[in-house]
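Participant: From first to last, the protein sequence lines stand for chains B and Y. Going by my numbering, the letters in the first sequence line up with residues 55 to 486, in that order. Going by my numbering, the letters in the second sequence line up with residues 55 to 486, in that order.
Derived from the structure by calculation, the hints contain no laboratory data. A couple of the hints might just be wrong.
Rough simulated footprint, nothing fancy, chain Y against chain B, three-plus residues with beta-carbon under 8 Å [what the hints assert, rightly or not]:
id, stretch
1, 80-87
2, 124-135
3, 185-196
4, 324-337
5, 343-355
6, 378-390
Bear in mind the structure is a predicted one, so any value in this text is a computation, not a measurement. For glycine and all other residues, C-beta sits at the position ideal for the given N, C-alpha and C.
Protein chains: 2
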Amino acid sequence: MEKTKVGIVGLGNVGSGVARLLTEQSARMTRHAGQPLELAKAVVRDLDKPRDVTLGPNVLTNDLKEITEDPEIRVVAQLIGGTEAARQVMLELLESGKDIVTANKALLAEHGPELFDRARALNRSIAFEASVCGGIPIITNIGQCLSANQITSLSGILNGTSNFIVSRMEQEGADYPAAVAEAQRLGFAEADPTMDVDGTDAAQKLSILAHLAFGARVDWHEIPRIGIDTLDAADLRYARELGYRVKLLAIAKLNGELELHVSPTLVRAGRPLAEVREAYNAVTVVGDAVGNVFFHGLGAGQMPTASAVVSDLIDTAVGRTRITFRTLELWSGRPPRVTLGDHAQARGRYYLRFTIRDSPGVLGDIAGVLGGYDISIASVIQHEPEVQGEDELVPLVIMTHLASEGAAQSAIEEIDGRDYTLQPSVRMRVLD
Amino acid sequence: MEKTKVGIVGLGNVGSGVARLLTEQSARMTRHAGQPLELAKAVVRDLDKPRDVTLGPNVLTNDLKEITEDPEIRVVAQLIGGTEAARQVMLELLESGKDIVTANKALLAEHGPELFDRARALNRSIAFEASVCGGIPIITNIGQCLSANQITSLSGILNGTSNFIVSRMEQEGADYPAAVAEAQRLGFAEADPTMDVDGTDAAQKLSILAHLAFGARVDWHEIPRIGIDTLDAADLRYARELGYRVKLLAIAKLNGELELHVSPTLVRAGRPLAEVREAYNAVTVVGDAVGNVFFHGLGAGQMPTASAVVSDLIDTAVGRTRITFRTLELWSGRPPRVTLGDHAQARGRYYLRFTIRDSPGVLGDIAGVLGGYDISIASVIQHEPEVQGEDELVPLVIMTHLASEGAAQSAIEEIDGRDYTLQPSVRMRVLD
Numbered sequence: 055m056e057k058t059k060v061g062i063v064g065l066g067n068v069g070s071g072v073a074r075l076l077t078e079q080s081a082r083m084t085r086h087a088g089q090p091l092e093l094a095k096a097v098v099r100d101l102d103k104p105r106d107v108t109l110g111p112n113v114l115t116n117d118l119k120e121i122t123e124d125p126e127i128r129v130v131a132q133l134i135g136g137t138e139a140a141r142q143v144m145l146e147l148l149e150s151g152k153d154i155v156t157a158n159k160a161l162l163a164e165h166g167p168e169l170f171d172r173a174r175a176l177n178r179s180i181a182f183e184a185s186v187c188g189g190i191p192i193i194t195n196i197g198q199c200l201s202a203n204q205i206t207s208l209s210g211i212l213n214g215t216s217n218f219i220v221s222r223m224e225q226e227g228a229d230y231p232a233a234v235a236e237a238q239r240l241g242f243a244e245a246d247p248t249m250d251v252d253g254t255d256a257a258q259k260l261s262i263l264a265h266l267a268f269g270a271r272v273d274w275h276e277i278p279r280i281g282i283d284t285l286d287a288a289d290l291r292y293a294r295e296l297g298y299r300v301k302l303l304a305i306a307k308l309n310g311e312l313e314l315h316v317s318p319t320l321v322r323a324g325r326p327l328a329e330v331r332e333a334y335n336a337v338t339v340v341g342d343a344v345g346n347v348f349f350h351g352l353g354a355g356q357m358p359t360a361s362a363v364v365s366d367l368i369d370t371a372v373g374r375t376r377i378t379f380r381t382l383e384l385w386s387g388r389p390p391r392v393t394l395g396d397h398a399q400a401r402g403r404y405y406l407r408f409t410i411r412d413s414p415g416v417l418g419d420i421a422g423v424l425g426g427y428d429i430s431i432a433s434v435i436q437h438e439p440e441v442q443g444e445d446e447l448v449p450l451v452i453m454t455h456l457a458s459e460g461a462a463q464s465a466i467e468e469i470d471g472r473d474y475t476l477q478p479s480v481r482m483r484v485l486d
Numbered sequence: 055m056e057k058t059k060v061g062i063v064g065l066g067n068v069g070s071g072v073a074r075l076l077t078e079q080s081a082r083m084t085r086h087a088g089q090p091l092e093l094a095k096a097v098v099r100d101l102d103k104p105r106d107v108t109l110g111p112n113v114l115t116n117d118l119k120e121i122t123e124d125p126e127i128r129v130v131a132q133l134i135g136g137t138e139a140a141r142q143v144m145l146e147l148l149e150s151g152k153d154i155v156t157a158n159k160a161l162l163a164e165h166g167p168e169l170f171d172r173a174r175a176l177n178r179s180i181a182f183e184a185s186v187c188g189g190i191p192i193i194t195n196i197g198q199c200l201s202a203n204q205i206t207s208l209s210g211i212l213n214g215t216s217n218f219i220v221s222r223m224e225q226e227g228a229d230y231p232a233a234v235a236e237a238q239r240l241g242f243a244e245a246d247p248t249m250d251v252d253g254t255d256a257a258q259k260l261s262i263l264a265h266l267a268f269g270a271r272v273d274w275h276e277i278p279r280i281g282i283d284t285l286d287a288a289d290l291r292y293a294r295e296l297g298y299r300v301k302l303l304a305i306a307k308l309n310g311e312l313e314l315h316v317s318p319t320l321v322r323a324g325r326p327l328a329e330v331r332e333a334y335n336a337v338t339v340v341g342d343a344v345g346n347v348f349f350h351g352l353g354a355g356q357m358p359t360a361s362a363v364v365s366d367l368i369d370t371a372v373g374r375t376r377i378t379f380r381t382l383e384l385w386s387g388r389p390p391r392v393t394l395g396d397h398a399q400a401r402g403r404y405y406l407r408f409t410i411r412d413s414p415g416v417l418g419d420i421a422g423v424l425g426g427y428d429i430s431i432a433s434v435i436q437h438e439p440e441v442q443g444e445d446e447l448v449p450l451v452i453m454t455h456l457a458s459e460g461a462a463q464s465a466i467e468e469i470d471g472r473d474y475t476l477q478p479s480v481r482m483r484v485l486d
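Let's have the full structure, built from the sequences with the hints guiding it.
Facilitator: Structure below.
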């Protein structure tokens, strides 16, 4: 029987998971691929490091050349992190004629155009299901299963770390630092969680999905983003009172132009996205033919990510990836099909919280400022003062009707300049 | 540019939707297929019937030969309903060398082995994404995206009509006949809804999914099934009191052998499957690597189903289907990988409702019968009599711990034989 020899570069957490599936579960690979997938070489930096997978003799090596110079190895899972070394390895693998599978989303967000150009020029393919949402096969679903549709919007919880932290803040009333510490203790957040909690990771994933789904060519740096690192537990409580949950959402919405942003967003309780707990990811895709389709699964972790890598290895071995890659718009020379709208013109509903001195006329003044920017008020909650002894410090929560991002921003700035405003105001989008 | 000529057989609701996508949205097909998909012929019975799609000249015909004898038409969407005529058309199309896309689940459930055998012998392919769950791409997700996994369980709301009816009964307290009438008025149920509400439709879909996901070779007639047509609104109320929703679930669970059944099932509120409303479908798939993945979308309707058909047409035109079909276990000559367990041995938790005469010792006797079958009680609700003037007629609701299907059945039969039992008892599974 014909077989496909596979290489792995990087035997970290995900790499070990992939190696385990290939070696311990070879029967299912053979069944789906119609031929064995043989793990021929695994390239690591340190040959002596203990691994949680048992490999055959001569599989482990610290020399990339054992892959690049072996013409029998056709497909390689490139699983090293970071961007610079990974980019170099990707290019060497492509030049040596390998088809590549990768889980490295940061690498694609930074160097996607160069790598995809090179792959196309060399008639090779890059598969990247594992790079966005780990265990949710969102890349194949958008690029293949929903191909009859014009996607009109996409709303996702793309960062499991943020969702875990916000869930804990909501469920246990924990404040942000305590929730981060718990996430770190349980392995859901890295020692330096910056890229996860400041919206960078979600924006990078959104840039890939927006390109796939809408033909947008957008650099992730251009995507307006707000992380969860400034969230106040009080706002989660008020949101809950109003019947909402707060989620770090990545949004892409087609309305002539494309609106893209990442920010903590109020989602009405009971809607599928509102009920996504712990470190799960989820994506709602709306297509003009199919309507709403909702996907929910583990967005990270060793085996969910390895599952995506291995299905890509099978797709590449049998030839499906080659076909898909040929017509893939992602980082192709084709012109963008949509332009990014001016974020200030994007319209949405807002949750606003002002912290004010309780004195006559303040609510009227705030309503007046909002009205001046054409922002009308849908509901108001003014609570009793929160801190005894400082009883003039009062939280005022306002839900608006539709308003433009720019107007909301300007109104907030004007109100923050008033004498009666005692703390910077809080503003969050509300999901339509 | 090369192009693929496509035929359609049957221009009903779904057929017209497919024709509209092919003719009105040709740019997106070209983009995803790398070549135009041209609708060359559409075969109908009645040429004069008004259609909600405008076709080019000479496209409409009532002669299947205009497709079978045109070697330029490579791919055909076979969209006529029923089983006998559809089977004949499928065979003629295969013999004439066409690759086929179909949405006809009943046809596959009845004649899948013969049709797939023939397709394999003739080196042709059959794509059938639209046959299960319409807009949810569950076939591709199980067969391709999750191919690195051993699927360990699958739980689905596979029949939108039933879900609509049960949702209405729950939300509005309507009884079964009233909810069916409303579903018919709104177009969610056919004039004769038998196949939807008695579990047949869900069992047919489950037989296809079980074959794909587990390598089970099961005739849908063998799947134990209970429909929603015997549901009592009272049980939905009690379930809600206990913190559950009732859903018509199709279950496949691997535990050495495979457990398959379709029945109204209690699902804890807040779990994704519990929150599926109206005519939506949903499926939870558990894989040993990926964990839980949940899919939610419209399971029927013109355009969601057409979306699935057209993505299959694209996959077939570009060659992905050919590759997938080659290794597909569904109705292949390969031996089954799993056998169906004895349903009486299947274990689950149960919701039981007894309607009893309120007299001393009855609860004790029921507990004794259950205990005799090794069924232990998790909770009990005994309500005040429901009907004034018949105050001895009392509903007694019991939730059990794990018990076998056979034991639960026998215990119920024994209790139903007691003098104090005034109406047949109700038994429903509880999702683990």
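Participant: Each hint should be assessed against the structure and marked as holding or not.
Facilitator: Each hint, compared with the structure:
Check on the stretch 80-87 of chain B: 5 of its residues sit with their Cβ under 8 Å from a Cβ of chain Y, so the three-residue criterion for coverage holds. Remark: the stretch 124-135 of chain B is not confirmed as covered by chain Y, as 0 of its residues place a Cβ nearer than 8 Å to a Cβ of that chain, below the required three. For the stretch 185-196 of chain B, the assignment as covered by chain Y holds, since 5 residues bring a beta-carbon within under 8 Å of that chain's beta-carbons and 3 suffice. Beta-carbon proximity to chain Y at under 8 Å applies to 3 residues in the stretch 324-337 of chain B; the threshold of 3 is reached and the given coverage holds.
By the rule of at least three residues with a Cβ nearer than 8 Å to a Cβ of chain Y, the coverage given for the stretch 343-355 of chain B holds, with 11 such residues. By the rule of at least three residues with a Cβ nearer than 8 Å to a Cβ of chain Y, the coverage given for the stretch 378-390 of chain B holds, with 4 such residues.
Hint 2 alone, counting from the list given before, is not met by this structure.
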